[in-house]
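There are 4 protein chains.
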Amino acid sequence: MLILMSLNTPRKDIDAVKNKIVSLNCTPHEIPGKSKLAIGITGPTDQLKKEDFIMLTSVEEVVRVTKKYKLVSRMMQSDDTIINFDGFKFGGESLQIIAGPCSVESKDQIFEIAGSLKESGIKFMRAGAFKPRSSPYAFQGLKEKGLEYLQEVKKEFGMVIVTELLNFVSLPAILETADIIQIGARNMQNYALLEEVGKHNKPILLKRGMAATVEELLLSAEYIFSSGNKNVILCERGIRTFETSTRNTLDLNAVPVIKKHSHLPIIVDPSHGIGIWDKVPAMSLAAVAAGADGLILEVHNRPDEALSDGFQSITPQALKELLEKIKQMAPIVNKKLVLNEDK
Amino acid sequence: MLILMSLNTPRKDIDAVKNKIVSLNCTPHEIPGKSKLAIGITGPTDQLKKEDFIMLTSVEEVVRVTKKYKLVSRMMQSDDTIINFDGFKFGGESLQIIAGPCSVESKDQIFEIAGSLKESGIKFMRAGAFKPRSSPYAFQGLKEKGLEYLQEVKKEFGMVIVTELLNFVSLPAILETADIIQIGARNMQNYALLEEVGKHNKPILLKRGMAATVEELLLSAEYIFSSGNKNVILCERGIRTFETSTRNTLDLNAVPVIKKHSHLPIIVDPSHGIGIWDKVPAMSLAAVAAGADGLILEVHNRPDEALSDGFQSITPQALKELLEKIKQMAPIVNKKLVLNEDK
Amino acid sequence: MLILMSLNTPRKDIDAVKNKIVSLNCTPHEIPGKSKLAIGITGPTDQLKKEDFIMLTSVEEVVRVTKKYKLVSRMMQSDDTIINFDGFKFGGESLQIIAGPCSVESKDQIFEIAGSLKESGIKFMRAGAFKPRSSPYAFQGLKEKGLEYLQEVKKEFGMVIVTELLNFVSLPAILETADIIQIGARNMQNYALLEEVGKHNKPILLKRGMAATVEELLLSAEYIFSSGNKNVILCERGIRTFETSTRNTLDLNAVPVIKKHSHLPIIVDPSHGIGIWDKVPAMSLAAVAAGADGLILEVHNRPDEALSDGFQSITPQALKELLEKIKQMAPIVNKKLVLNEDK
Amino acid sequence: MLILMSLNTPRKDIDAVKNKIVSLNCTPHEIPGKSKLAIGITGPTDQLKKEDFIMLTSVEEVVRVTKKYKLVSRMMQSDDTIINFDGFKFGGESLQIIAGPCSVESKDQIFEIAGSLKESGIKFMRAGAFKPRSSPYAFQGLKEKGLEYLQEVKKEFGMVIVTELLNFVSLPAILETADIIQIGARNMQNYALLEEVGKHNKPILLKRGMAATVEELLLSAEYIFSSGNKNVILCERGIRTFETSTRNTLDLNAVPVIKKHSHLPIIVDPSHGIGIWDKVPAMSLAAVAAGADGLILEVHNRPDEALSDGFQSITPQALKELLEKIKQMAPIVNKKLVLNEDK
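Chains as they are written, first to last, in our numbering: chain A, 88 to 430; chain B, 88 to 430; chain C, 88 to 430; chain D, 88 to 430.
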């Protein structure tokens, strides 16, 4: 950490800063410059906060040198984290596809889609039983009934189930059904919930908030990690910008940035990201090319009848064609698409 | 709701849309235009969703005419909602000030600040016992101990207490201490929590999310309303933009927009909004001039020693000077600053 | 400027950085820290660019300590710049109002509005002869004819004319008519145009670009200054964000930020800023309360017939009521509304 | 166009709207709905503006049905526009690479880079002679001298030259040297300049503004088209968002959106888009996968010595490796990378 002060700072203000540093068990180092006086700090600087200094008289700026996240950073662990489901892996050279409808709507619907997905070799199925909706009057999911259907789908088709956790109350039920617990964009900074799922060992799919920076996403993952759960998969799903021709702005830049700074797998959700079904395949391929460790795709057998988000869902047939292209593209970026042979 | 189709749409596609409308118990009306065919809909259109139509063949756009929120809208209730604490009101012609430190740090700190505030005639005190922090390593609040101190402050100084609820688990404790429950920006779309506080009658201070539109803020208020709690105070606290010279971009435009579309009181948090202490007074005055029903201000007796957000806190002395100016300004916008005479 | 390197950087990389510094006629200072090695630089650091160092091996970050703008900064000149038109001033304790229609539409229109404005004591009239429009099919202004009418208005009513310059070609004509040359948001980073108007002595009204930071606005003012013209008035007119309920997000935070860092007058355009006529008065008062040096307002005698931007224009009657409130509010923020007594 | 009014609108207000429509030579159609009255309009609606109606009494909303751009839309021309340079094409199935340094720095530099590019089969060379820089103190390019070197490069290596036009004054010189004239992000809404280049026949590379929507980019292209020049190549180069870990947010979503709505070629600039050299290859591949018609890449033989933007430049060696991957990836998205065999 560096404290910047103006060159003509009175000696007593400089001394106040240095005394504050000493009082925090660190050591100050005066570094005079041409236009500013910098005071470097050594010692247990982890404990220091910008706020410790910024209000002191004559202090102009406080510069933090190190990243705020630790456990999830590449500095801490240089090898990729691999999250393994019976040989189906997230991270490393694997490329995984999670697919399914936005919501569980009925047993028939979920079974029919699961059947189509299995035929395409998809191992991971997404479907929401509890849905966060900006309007209280919109369809909120089948709730417990939805989880029940997901249990049956798992038994019948051997799918690995990804479903969203909205709150503490439904955690026991979600823990029973989900193989991967999704924390949605709106809950990315619900720290209490992050700490709670951090106490279990079940893999967490953590989606980036609509206005969250990459650093904040990693800090939210750090909450889960520091609570004990090291099985975290990050997910880029579009951020909010001024552009109105797409639902969100899928930020693929986040993929290479996260791959560089963190060892966690990062997957991409082009369905929410661009939000228009006929443009989902293009963005899916772009995500793979950018180096993503996987995709999470909304697939619906009758998108025009979907109770939610039909407009961004692709059909099982479109998925099949997309998988064909992904299979070809993956090796170019040193990835391998892993599909379920056991159809 | 209006469905727009291209002029040369085949008859069967038009009929499919009209049949869908009929199947939803509504009535279609064909309206040919120069470049588009519009189909108007009458009947119980509240039940319709854009998604019902957008995927049908040949449909180009679906335009919703009415607002998605109802109970919180001016259409539903033209008079201002007034939330009353023994004559200290939010809404109508009243202008209220909530002030206090970001966090409860110690009994001494909270008592000293409460004393200063009381002297200035402040009736509403804010202070966090549970703090949401983007890093798990930052100070998270004194938790239960903090609530205890707030209880004592209430007894000693007769303050009305505003404190943040982070999750279900601490709801009972918060209900016991808080007179106004704050739902922070990060929880604005934590719908389960909104519904939960909607079951109680305690006033809620609902802060706008960092990337939430005004419509989404009103829809979140609608969640609380439709769960039964009609005591909601909205709060603008800055949105996230590309600008980096301020912590957030305090969006005062939201004030006249909300005053027009909703009957709920709307207050402003300039401390988080601009995030730089010496610019808080200017933005406070601007908020009053824009028509806000109140302010929530971070005040700390020793900002440079604050455990969180000291950089955006003003001193009790600065508050006193600001109140003087607000008192003069309020009548110009038909407001009256109500301070506690009982000092 | 500070160069940050990791602690275990090999000596040869450190030496490479130090040699680079020396080659640029500056002096390096090694400052070892706990987790990083910083190299401070003294000497003629103005000439240094981040890019000089960021690519060198082992360099992790380059921190610039001083602001990039100089001539327009408060450090360079602590007193407010005052721009004076026969006693009507921008800057210091004056509060000025510029008003008028978006575009000159006809001689009758411009004369009628000028008459109303004069009656209200308005000295500065805005009206565009050349209009920048996002569509080539929208009304582009009366061009030379419009300037002619503005000349006549000036003669008849003694108004000070503010009109927009779009390009080099029309500069001579604009110079002849305008008393203040407006550079619009879309041209804020048209550096060639900035340098060109910088060669003349005529006051410039420089509007902030839709996605320009405060620093970039000040750097654009620096272009005009460093070309020789010191008569610059800055204008906040709304930035682009995700919010859709207002045309733009008027960023009043920019006012106290700019007042702190620059000596230039800063005025506010609430008409473009919020873009909805019935909310313009609220944002006008907010701008005054935030400390703005003036307002630029769209006023039209028949807003519903305006050829452009009628939706954000207020009537002369609404202006009169607004001026009354501003007159009362100004002294609270140490300002004085200066109107033309010579009606 | 549709005018929405409330159901209980008095007859005289409805008639006023209908009379206005008739006075504009169009025909009104009343369409009563459940909660609103809509008035549809037929006839020459192209001439109508939202502003014609929005201010009329009782009008609540005006909905425009058709897109504002015409000539550049797919509706007007369903086949891709192809821009051909002796068999090297932009548009259709071709994938083109433009590469080169940010600025011409010296004859040696530009010759050395051109040599490397030619070796890799690159036909299109970018290099700025006039540079737009946010600070007046930053390197502004070699100007005329730079164009001279570009002329020599063209003669020596047979390169097609892409260079930026900043203003009217340098247009003759640019016309003489450039084969493709670049209009930069800051000038995307400099309409006078767009109309000026629209009068010539030389291909234009039009970059998206930092806060421009896709629709605005297409409208700016429409300016060039409607002035007579149909040789326009669009370029996505990153937009401005709240994210700070990348220089800009490269918005690849724009690629499939533009491919759907316009027939113009769209290329991508990952160098400015993400702004960090080691992440440029990942975003380049992502752009190709998203369906882009080409890339424009900053390549510098000694990025650490570049006078501008070295931090986002890749080396000729990195380019070579990238081209190898692009060559493999292109056919998957039905594209063909066209390189110059004549090395």
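Careful, some of the hints might be misleading.
The list makes no distinction among identical chains, and a pair is therefore deemed to hold if it is satisfied within one copy or across any two copies.
Stated by the list, open to error - Below, computed lysine-lysine pairings styled on DSSO-like, alpha-carbon distance capped at 27 Å:
| # | residue 1 | residue 2 |
| --- | --- | --- |
| 1 | K205 | K414 |
| 2 | K155 | K230 |
| 3 | K414 | K317 |
| 4 | K286 | K205 |
| 5 | K99 | K155 |
| 6 | K99 | K286 |
| 7 | K136 | K194 |
| 8 | K136 | K347 |
| 9 | K407 | K107 |
| 10 | K176 | K136 |
| 11 | K407 | K423 |
| 12 | K241 | K157 |
If you're looking for bench data, these hints aren't it; they were derived computationally from the structure.
Do the hints match the structure? See the list:
Taking the shortest alpha-carbon separations for K205 and K414, only the intra-copy value of 17 Å comes in at or below 27 Å, while the best inter-copy value is 33 Å. In the homo-oligomer, the alpha carbons of K155 and K230 lie at most 27 Å apart only across protomers (23 Å), although the nearest pairing inside one protomer, at 37 Å, exceeds that limit. In this assembly of identical chains, the alpha carbons of K414 and K317 never lie at most 27 Å apart, being 29 Å within a copy and 38 Å across copies at closest. When the C-alpha separation of K286 and K205 is checked against a cutoff of 27 Å, the pair qualifies neither within a copy, at 32 Å, nor between copies, at 43 Å.
In this assembly of identical chains, K99 and K155 lie within 27 Å of each other by CA distance neither inside one copy nor across copies; the values are 31 Å within and 29 Å between. For the homomeric pair K99 and K286, neither the shortest alpha-carbon distance inside one copy (48 Å) nor that between copies (46 Å) is at most 27 Å. Taking the closest pair of Cα atoms, K136 and K194 come within 27 Å of each other only across two copies (22 Å); inside a single copy the shortest separation is 53 Å, beyond that limit. For the identical chains of this complex, K136 and K347 are neighbours both inside a copy (26 Å) and across copies (25 Å), given an alpha-carbon limit of 27 Å.
Taking the shortest alpha-carbon separations for K407 and K107, neither the intra-copy value of 63 Å nor the inter-copy value of 29 Å comes in at or below 27 Å. Taking the closest pair of Cα atoms, K176 and K136 never come within 27 Å of each other, the shortest separation being 38 Å inside a single copy and 38 Å across copies. In this homomeric assembly, K407 and K423 come within 27 Å of each other (Cα to Cα) both inside a single copy, at 16 Å, and across copies, at 24 Å. Taking identical chains as interchangeable, the C-alpha atoms of K241 and K157 are never at most 27 Å apart, the minima being 36 Å within one chain and 40 Å between chains.
Going down the numbered hints, you'll see the structure goes against 3, 4, 5, 6, 9, 10 and 12, while the others check out.
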